[in-house]
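We have chain A; now place chains B, C and D onto it with these hints.
4 protein chains.
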Amino acid sequence: MLTNIRNTRIEWCDCDPAGIIFYPRYFEIFDTSTTVLIEHALGMNKIDYLKAYAFGGHPLVEARARFRLPTRFGDEVAIETALIECGRSSFKIEHRLSKAGTLMVEGFETRVWVIRHPDDPKRIKSQPIPPEVLARFRRSGG
Amino acid sequence: MLTNIRNTRIEWCDCDPAGIIFYPRYFEIFDTSTTVLIEHALGMNKIDYLKAYAFGGHPLVEARARFRLPTRFGDEVAIETALIECGRSSFKIEHRLSKAGTLMVEGFETRVWVIRHPDDPKRIKSQPIPPEVLARFRRSGG
Amino acid sequence: MLTNIRNTRIEWCDCDPAGIIFYPRYFEIFDTSTTVLIEHALGMNKIDYLKAYAFGGHPLVEARARFRLPTRFGDEVAIETALIECGRSSFKIEHRLSKAGTLMVEGFETRVWVIRHPDDPKRIKSQPIPPEVLARFRRSGG
Amino acid sequence: MLTNIRNTRIEWCDCDPAGIIFYPRYFEIFDTSTTVLIEHALGMNKIDYLKAYAFGGHPLVEARARFRLPTRFGDEVAIETALIECGRSSFKIEHRLSKAGTLMVEGFETRVWVIRHPDDPKRIKSQPIPPEVLARFRRSGG
Numbered sequence: 001m002l003t004n005i006r007n008t009r010i011e012w013c014d015c016d017p018a019g020i021i022f023y024p025r026y027f028e029i030f031d032t033s034t035t036v037l038i039e040h041a042l043g044m045n046k047i048d049y050l051k052a053y054a055f056g057g058h059p060l061v062e063a064r065a066r067f068r069l070p071t072r073f074g075d076e077v078a079i080e081t082a083l084i085e086c087g088r089s090s091f092k093i094e095h096r097l098s099k100a101g102t103l104m105v106e107g108f109e110t111r112v113w114v115i116r117h118p119d120d121p122k123r124i125k126s127q128p129i130p131p132e133v134l135a136r137f138r139r140s141g142g
Numbered sequence: 001m002l003t004n005i006r007n008t009r010i011e012w013c014d015c016d017p018a019g020i021i022f023y024p025r026y027f028e029i030f031d032t033s034t035t036v037l038i039e040h041a042l043g044m045n046k047i048d049y050l051k052a053y054a055f056g057g058h059p060l061v062e063a064r065a066r067f068r069l070p071t072r073f074g075d076e077v078a079i080e081t082a083l084i085e086c087g088r089s090s091f092k093i094e095h096r097l098s099k100a101g102t103l104m105v106e107g108f109e110t111r112v113w114v115i116r117h118p119d120d121p122k123r124i125k126s127q128p129i130p131p132e133v134l135a136r137f138r139r140s141g142g
Numbered sequence: 001m002l003t004n005i006r007n008t009r010i011e012w013c014d015c016d017p018a019g020i021i022f023y024p025r026y027f028e029i030f031d032t033s034t035t036v037l038i039e040h041a042l043g044m045n046k047i048d049y050l051k052a053y054a055f056g057g058h059p060l061v062e063a064r065a066r067f068r069l070p071t072r073f074g075d076e077v078a079i080e081t082a083l084i085e086c087g088r089s090s091f092k093i094e095h096r097l098s099k100a101g102t103l104m105v106e107g108f109e110t111r112v113w114v115i116r117h118p119d120d121p122k123r124i125k126s127q128p129i130p131p132e133v134l135a136r137f138r139r140s141g142g
Numbered sequence: 001m002l003t004n005i006r007n008t009r010i011e012w013c014d015c016d017p018a019g020i021i022f023y024p025r026y027f028e029i030f031d032t033s034t035t036v037l038i039e040h041a042l043g044m045n046k047i048d049y050l051k052a053y054a055f056g057g058h059p060l061v062e063a064r065a066r067f068r069l070p071t072r073f074g075d076e077v078a079i080e081t082a083l084i085e086c087g088r089s090s091f092k093i094e095h096r097l098s099k100a101g102t103l104m105v106e107g108f109e110t111r112v113w114v115i116r117h118p119d120d121p122k123r124i125k126s127q128p129i130p131p132e133v134l135a136r137f138r139r140s141g142g
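Residue numbers (my numbering), protein chains in the order written: chain A, 1 to 142; chain B, 1 to 142; chain C, 1 to 142; chain D, 1 to 142.
For reference, chain A alone in the conformation it holds in the complex (with noise of 0.2 Å):
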């Protein structure tokens, strides 16, 4: 199963009045996991898997987040993400946000591949994830 862990901060631009995180950032910083994860196993910067498979991205069609604890600015976190399942054209991703050890919030998103409509590049349509993908997003390791 393809993981990957990443350290990041929360900062005082992700915090709001109550002094904690506004949750919504979570799934930003769920969003770049993601993305490291896509990176790490295709061997590419986004911007260049975007090219090579001629495709718009791999937007949400469900996200979801369990808030145990509050995280606060100047916290530390390191976020775990798991690619938990992988179908013909959609993935699941789970994310395991934690600090000094404690898990803090858990994250799941169901994403689909998505390319270019050949009709209207401004468009996106769901398609297939393409045979050499599916087969890295199925190989272990990460």
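Misleading hints may appear alongside valid ones.
One copy or any two copies: either way a pair holds, since identical chains are not told apart in the list.
What the hints assert, rightly or not - Result set (DSBU-like, lysine-lysine): computed pairs, CA atoms no more than 30 Å apart in a straight line:
| hint | residue 1 | residue 2 |
| --- | --- | --- |
| 1 | LYS51 | LYS99 |
| 2 | LYS51 | LYS125 |
| 3 | LYS125 | LYS99 |
| 4 | LYS125 | LYS92 |
| 5 | LYS51 | LYS92 |
No lab work stands behind these hints: they were computed from the structure.
Then chains B, C and D, alone, in the frame of chain A:
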């Protein structure tokens, strides 16, 4: 049941290089809708209801969204928000974001009522929802 | 001179742990105001004027703001936007954000007109403003 | 003179439908750089230096940026930050963001030292910079 509808527009700043909304922005939109719902229920702005109840906010323990169709910059959308469940210290909110009558995104939030921690005003602490707030949350209308 | 006024509300999600707006949010507000100004001038939504002129946007070469008084969540504000200068391929915009008639923030933007690069649609390239756009930018009203 | 360099990466979530960074994100990046600069100068995390000086933050009275070249998602950038002027209650910061040695963006901030208002902890009030902070701001290093 407490409900509210508000209108907004998806802006350039909400959208990503795929030309569609960057999904964490939906959670920002939902958060504002929840604020507006509670402001209407309590007849006070958030800044005032936080003062009135010595309270730190209504952070989330769980958030979820289903993205049915993408929205893009310039899209005029309506968000219908409803308080669908109200417990002793937590409550559930549902959001339905639609464009020209078509449901685009559904959002679900489970929130808790928190006050400033008596020993440290920078920390927060969950607390039963005050009876007068409960009464307003549970009556119909909005 | 092209001008526009729009109203918005500073929201919880715009504010930081000091309880006031996190200042980069003003630049987001100004960016949306500029979009609205140009949409009114051209009689088209941004998504349509980008298509009409095969163009990539109007990125900034310089931005500046003076923060006179802080705004907080719940503040209803008005933003007056004016095109104050228009050159061959660049233009200047001024924003005045006020609350109940009191000027809170002034913003200044210098922007250039860019099109998609002919050799690579992912890159952008500065370009003279089309004559019909210039004509609309330079007539009074809005 | 107090200086600091940090590295970050421009992410998908920072970019707009033109595929380049949405410029207010630079001000977020600069804000974090200023925090890191002051943390290093004072030897404390922001959350701790706010407590140590009963203080509300260092909001801006003026911000400015010159955007020389656009950055895009995946770009690794370095931000050099320097305290270039320090008065009695205000100070000026300069940021130079570069990619592979090429200067992309310059940022300038004028900030004031504010404390929580004695009559209302939700309000802020400008204040002379404490002497021990001034001493650390004015010595060289970082």
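Within a copy, between copies, both or neither: where do LYS125 and LYS99 come within 30 Å Cα-Cα?
-> This pair counts as between: shortest inter-copy Cα distance 19 Å, intra-copy 38 Å.
How would you label the pair LYS51, LYS125 (within, between, both, or neither) given a Cα cut-off of 30 Å?
-> both (16 Å within a copy, 19 Å between copies)
With 30 Å as the alpha-carbon cut-off, assign the pair LYS51 and LYS99 to within, between, both or neither.
-> So LYS51 and LYS99 pass the 30 Å test across copies only (21 Å; inside, 36 Å).
When no copy is named, should LYS125 and LYS92 be tagged within, between, both, or neither for a Cα gap of at most 30 Å?
-> Cα proximity of LYS125 and LYS92: one copy only (19 Å, versus 33 Å across).
Which holds for LYS51 with LYS92 at a C-alpha limit of 30 Å: within a copy, between copies, both or neither?
-> within (23 Å within a copy, 34 Å between copies)
Figure legend: structure checked against the earlier numbered hints; every hint is met.
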